[in-house]
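There are 4 protein chains.
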Amino acid sequence: MEPRQSEEHPACANPTERKSHHSEKVKTNLTSRLNRIEGQVRGIKKMIENDTYCDDVLNQISAVQSALNSVGKILLEGHLRSCVTERLQEGDTEVIEELLTTVKKLMK
Amino acid sequence: MEPRQSEEHPACANPTERKSHHSEKVKTNLTSRLNRIEGQVRGIKKMIENDTYCDDVLNQISAVQSALNSVGKILLEGHLRSCVTERLQEGDTEVIEELLTTVKKLMK
Amino acid sequence: MEPRQSEEHPACANPTERKSHHSEKVKTNLTSRLNRIEGQVRGIKKMIENDTYCDDVLNQISAVQSALNSVGKILLEGHLRSCVTERLQEGDTEVIEELLTTVKKLMK
Amino acid sequence: MEPRQSEEHPACANPTERKSHHSEKVKTNLTSRLNRIEGQVRGIKKMIENDTYCDDVLNQISAVQSALNSVGKILLEGHLRSCVTERLQEGDTEVIEELLTTVKKLMK
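Residue numbers (the UniProt record's numbering), protein chains in the order written: chain A, 1 to 108; chain B, 1 to 108; chain C, 1 to 108; chain D, 1 to 108.
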């Protein structure tokens, strides 16, 4: 499990400009996954241009959706373990309403 | 509704190299949507690099998921109205098993 | 694989009163799954009445969603292999528009 | 918005037997939704027994899925605003790992 940021983080506390505070390791992981997704999307464009059989293209879209879901889950993990925990422990319950709105969009 | 390809299409019939046969209008629509998605994915990478607050990034991911779903639905429409219909009407029921496998991946 | 209904089925052809034509085996399978789902839903009600911890209830809801998805996939299989195939092979392409509307609701 | 339980709740704090603490209003709402879902599931069983056309049954399944999703979202709301908030503010971060596991199951 990613070592949680033990010390309070000004990044989340400042309502005017909230920042995330992922470790470099998590950021590198997310960036490499997004690079791959970007390449897959370009690949799908190519398939359309080349009149690739639709079933093959649909399967590629499903693969990109899964890859995106994984990125979303990594982000949600980091967010819950850092900013949500810190803001709540500082008594800032508004983060719960914000979290609810976002999680509902990600739910089936 | 997109004018259905009335005449038989060799594109779907040839098992060794099946091709889709979207109209130019559909291909342009799909390509411009995929261009936008590609840009959004690059934007999410930028957000990660700039330590953008996770909630904002998660909302962007949800937007890309919806955009991808729309592309999938347009493709499925074209596929069902052309290749699936033509192959079935030529007695090639294998297309149903292929369709089932793909649709199950796209289902909740 | 469920033996496909080879002979033409009036069940699907009659637009005024279309019927499905599952085998008894499929119907028994679907009914027993739905019985279990019904019991699970009653169980969730009980959990709510007994103030069961929300996380446990949410996990039960996720289990019922998966069970329902499985029933949906069995039905879609039967539908595609029988009525959709038969109606298309009789030249009735309206079934494709109907199928598209339904599948889109089941997609993510 | 449902009045948040301001005072500390022993219901969530006791690890051996955690309880939810919904208001009677929320419990009544959840119970009536679950009654309706139970009825819909029984209705789907009836449709199968009566060989109802598959497309109609699939649409009913989609309706039950949406109804279940709504119940899940109401529960998640209550859970986040009460137990998750209270346990975190008491320094019990284990609730975050528990929440992550559950939310991932509910995500696309």
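Some clues are possibly wrong.
[Said to hold, decoys possible] Computed cross-link-like contacts, DSSO-like style, restricted to lysine-lysine with a CA-CA straight-line distance of at most 30 angstroms:
hint, chain 1, residue 1, chain 2, residue 2
1, B, LYS25, C, LYS45
2, B, LYS19, C, LYS108
3, B, LYS104, B, LYS46
4, D, LYS25, C, LYS73
5, A, LYS27, A, LYS105
6, C, LYS45, D, LYS19
7, D, LYS45, B, LYS105
Quick caveat, the hints were computed from the structure, so don't treat them as lab data.
Straight-line Cα separation of LYS104 (chain B) and LYS46 (chain B) no greater than 30 angstroms? Violated. LYS104 (chain B) to LYS46 (chain B) sits at ~33 angstroms, over the 30 angstroms cutoff.
Is it true that the CA of LYS45 (chain C) sits at most 30 angstroms from the CA of LYS19 (chain D)? 15 angstroms, holds
Quick one, are LYS19 (chain B) and LYS108 (chain C) close enough, alpha carbons at most 30 angstroms? Holds. LYS19 (chain B) to LYS108 (chain C) sits at ~26 angstroms (cutoff 30 angstroms).
Does LYS73 (chain C) sit within 30 angstroms of LYS25 (chain D), going by the straight-line distance between their CA atoms? 36 angstroms, violated
For the pair supplied as a hint, LYS25 (chain B) and LYS45 (chain C), confirm whether the alpha-carbon distance does not exceed 30 angstroms. 51 angstroms, violated
Measure nothing beyond the straight line between the CA atoms of LYS45 (chain D) and LYS105 (chain B); if it is 30 angstroms or shorter, mark the hint as holding. 25 angstroms, holds
Does LYS105 (chain A) sit within 30 angstroms of LYS27 (chain A), going by the straight-line distance between their CA atoms? Holds, at about 23 angstroms.
In summary, the structure is inconsistent with hints 1, 3, 4 from the numbered list given earlier, while agreeing with the others.
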